[in-house]
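Peer 1: Listed here are the chains, written in short residue letters.
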Amino acid sequence: MENFSALFGGAEPPPAAAAAALGFGPAKAPGAGSAPPPAAAAPPPGEDAARKAASGPFYLLRELPGTTELTGSTNLITHYNLEHAYNKFCGKKVKEKLSNFLPDLPGMIDLPGSHDNSSLRSLIEKPPICGSSFTPLTGTMLTGFRLHAGPLPEQCRLMHIQPPKKKNKHKHKQSRTQDPVPPETPSDSDHKKKKKKKEEDPERKRKKKEKKKKKNRHSPEHPGVGSSQASSSSSLR
Amino acid sequence: MAMAEKFDSLEEHLEKFVENIRQLGIIVSDFQPSSQTGLNQKLNFMVTGLQDIDKCRQQLHDISVPLEVFEYIDQGRNPQLYTKECLERALAKNEQVKGKIDTMKKFKSLLIQELTKVFPEDMAKYKAIRGEDPPP
Numbered sequence: 001m002e003n004f005s006a007l008f009g010g011a012e013p014p015p016a017a018a019a020a021a022l023g024f025g026p027a028k029a030p031g032a033g034s035a036p037p038p039a040a041a042a043p044p045p046g047e048d049a050a051r052k053a054a055s056g057p058f059y060l061l062r063e064l065p066g067t068t069e070l071t072g073s074t075n076l077i078t079h080y081n082l083e084h085a086y087n088k089f090c091g092k093k094v095k096e097k098l099s100n101f102l103p104d105l106p107g108m109i110d111l112p113g114s115h116d117n118s119s120l121r122s123l124i125e126k127p128p129i130c131g132s133s134f135t136p137l138t139g140t141m142l143t144g145f146r147l148h149a150g151p152l153p154e155q156c157r158l159m160h161i162q163p164p165k166k167k168n169k170h171k172h173k174q175s176r177t178q179d180p181v182p183p184e185t186p187s188d189s190d191h192k193k194k195k196k197k198k199e200e201d202p203e204r205k206r207k208k209k210e211k212k213k214k215k216n217r218h219s220p221e222h223p224g225v226g227s228s229q230a231s232s233s234s235s236l237r
Numbered sequence: 001m002a003m004a005e006k007f008d009s010l011e012e013h014l015e016k017f018v019e020n021i022r023q024l025g026i027i028v029s030d031f032q033p034s035s036q037t038g039l040n041q042k043l044n045f046m047v048t049g050l051q052d053i054d055k056c057r058q059q060l061h062d063i064s065v066p067l068e069v070f071e072y073i074d075q076g077r078n079p080q081l082y083t084k085e086c087l088e089r090a091l092a093k094n095e096q097v098k099g100k101i102d103t104m105k106k107f108k109s110l111l112i113q114e115l116t117k118v119f120p121e122d123m124a125k126y127k128a129i130r131g132e133d134p135p136p
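Going line by line, the protein sequences match chains A and B.
Numbering-wise, the first sequence is residues 1 to 237 according to the UniProt record's numbering.
Numbering-wise, the second sequence is residues 1 to 136 according to the UniProt record's numbering.
If you are wondering where the hints come from, they were derived from the structure by calculation, not from laboratory data.
A hint or two may mislead.
[Stated by the list, open to error] Straight-line Cα separation of at most 16 Å, EDC-like style, residue types lysine to aspartate or glutamate; simulated pairs: (1) 42(B) / 15(B); (2) 97(A) / 62(B); (3) 6(B) / 19(B); (4) 42(B) / 19(B); (5) 95(A) / 110(A); (6) 84(B) / 96(A); (7) 55(B) / 114(B); (8) 6(B) / 62(B); (9) 108(B) / 88(B); (10) 92(A) / 85(B); (11) 84(B) / 71(B); (12) 55(B) / 5(B); (13) 97(A) / 74(B); (14) 16(B) / 74(B); (15) 84(B) / 68(B); (16) 6(B) / 54(B); (17) 6(B) / 71(B); (18) 16(B) / 110(A); (19) 98(B) / 69(A); (20) 127(B) / 63(A); (21) 126(A) / 5(B); (22) 95(A) / 85(B); (23) 16(B) / 62(B); (24) 84(B) / 83(A); (25) 88(A) / 68(B); (26) 92(A) / 88(B); (27) 93(A) / 85(B); (28) 93(A) / 52(B); (29) 55(B) / 85(B); (30) 55(B) / 8(B); (31) 97(A) / 83(A); (32) 88(A) / 85(B).
[Said to hold, decoys possible] Covered by chain A, according to a simulated footprint, are these stretches of chain B (three or more residues, beta-carbon under 8 Å): (33) 44 to 55; (34) 82 to 90.
It should be emphasised that the depicted structure is a prediction, and the values quoted were computed from it without experimental measurement.
Glycine included, every Cβ here is placed at the ideal spot set by N, Cα and C.
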């Protein structure tokens, strides 16, 4: 940038004049650059480079800006030691909702402030009319805060509604597995019983089948397997 | 470090204030005549809480908050997203400007190279004034 400005005069010279200064004028021969510049394209007074230009073929030359000047060619994030912040915010996904940033704040804070007139912008645009200091409430002032007994109507209970937290479920699961003696809930015990039943069922069925087979072999009404086979073979004959 | 302490103090006062308001909300949500003294106490805690927060203002007068952050908060969005987007935008712009500077440097060296071919004498004078430029 600095070199660029040094070459072209830096402070926005008129384009025609700049072109002429560099010898890009339409009808100029290669040697024409050494000719004295026209009066209309004279540089602003008080410049060192301009003084130099009077003696040489160049004008509109400015002094080069200092090399220490901070420009966009340096990585400004590393220059201002913001790598940590960059990695923190851009390295991983930042959760979208305000309740993720302020998890302990009661109430539904994810709703837009314009809904319940609680926006910060409205606080700036229409600041509350109040005194410059906060004074404690006296006994007589507190009489104004005597309330009727009983619960609040439904529409005023927004304070207790909390956004659903997904993390809690996960934590609960973890604590369950980590607990050496987990508390037995009725649903848990039922589940275990069902599992036991399922495990026992095939064994019971097998035993029952074996018993049935034995009974069948010995009973006179149902002839055994061998006899049936014999009968079938006889019929084939 | 001192800066962190200032913020910690404000944060602590704000947390106490919010907790007091939460408890006040619970008392009010199902009010019993016996809890009137508790309510009065909470109301005065609220006033002292506001006084404490107001005192923190003196320590933080040099802190400025961009107004755009308030828009994020008002829309129920995480204000860290603002920081994230700012950093991303800064880096993108930084890269863009660096690209322009690098291109201009290349252009300058090429221009000098070509001008030296066409105007060798003038460019010799130019180099005498400016000195030799480092390669881009």
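Peer 1: Would the pair residue 16(B) and residue 110(A) pass a check requiring their Cα atoms to be no farther apart than 16 Å?
Peer 2: violated (21 Å)
Peer 1: Is the straight-line distance between the alpha-carbon of residue 42(B) and that of residue 15(B) 16 Å or less?
Peer 2: holds (15 Å)
Peer 1: With the threshold set at 16 Å, check whether the alpha-carbon distance from residue 84(B) to residue 68(B) stays at or below it.
Peer 2: Holds, at roughly 13 Å.
Peer 1: Just to be careful, I want the Cα atoms of residue 98(B) and residue 69(A) compared with a cutoff of 16 Å; is the pair within it?
Peer 2: At roughly 14 Å apart (the allowed maximum being 16 Å), residue 69(A) and residue 98(B) satisfy the hint.
Peer 1: Going straight from one Cα to the other, do residue 84(B) and residue 71(B) come out at no more than 16 Å?
Peer 2: holds (15 Å)
Peer 1: If you draw a straight line from the CA of residue 108(B) to the CA of residue 88(B), is it 16 Å or shorter?
Peer 2: Measuring from Cα to Cα gives roughly 30 Å; hence the hint is violated.
Peer 1: With a cut-off of 8 Å between beta carbons, are at least three residues of the region 44 to 55 of chain B near chain A?
Peer 2: Since three or more residues must qualify, the claim that chain A covers the region 44 to 55 of chain B holds, with 6 doing so at under 8 Å.
Peer 1: When you check the alpha-carbon spacing of residue 84(B) and residue 96(A), does it fall within 16 Å?
Peer 2: At roughly 12 Å apart (the allowed maximum being 16 Å), residue 96(A) and residue 84(B) satisfy the hint.
Peer 1: Given the hinted pair residue 97(A) and residue 74(B), is their alpha-carbon gap at most 16 Å?
Peer 2: holds (11 Å)
Peer 1: Within a Cα-Cα threshold of 16 Å, do residue 127(B) and residue 63(A) meet the stated pairing?
Peer 2: Status holds; Cα separation ~14 Å.
Peer 1: What's the verdict on residue 88(A) and residue 68(B), does the C-alpha distance respect the 16 Å limit or exceed it?
Peer 2: violated (20 Å)
Peer 1: Next pair to validate is residue 92(A) with residue 85(B); report whether the Cα-Cα distance is within 16 Å.
Peer 2: Given pair residue 92(A), residue 85(B) holds - Cα atoms ~13 Å apart, limit 16 Å.
The structure shown violates the earlier hints numbered 2, 3, 7, 9, 14, 17, 18, 21, 23, 25, 28, 29 and 31.
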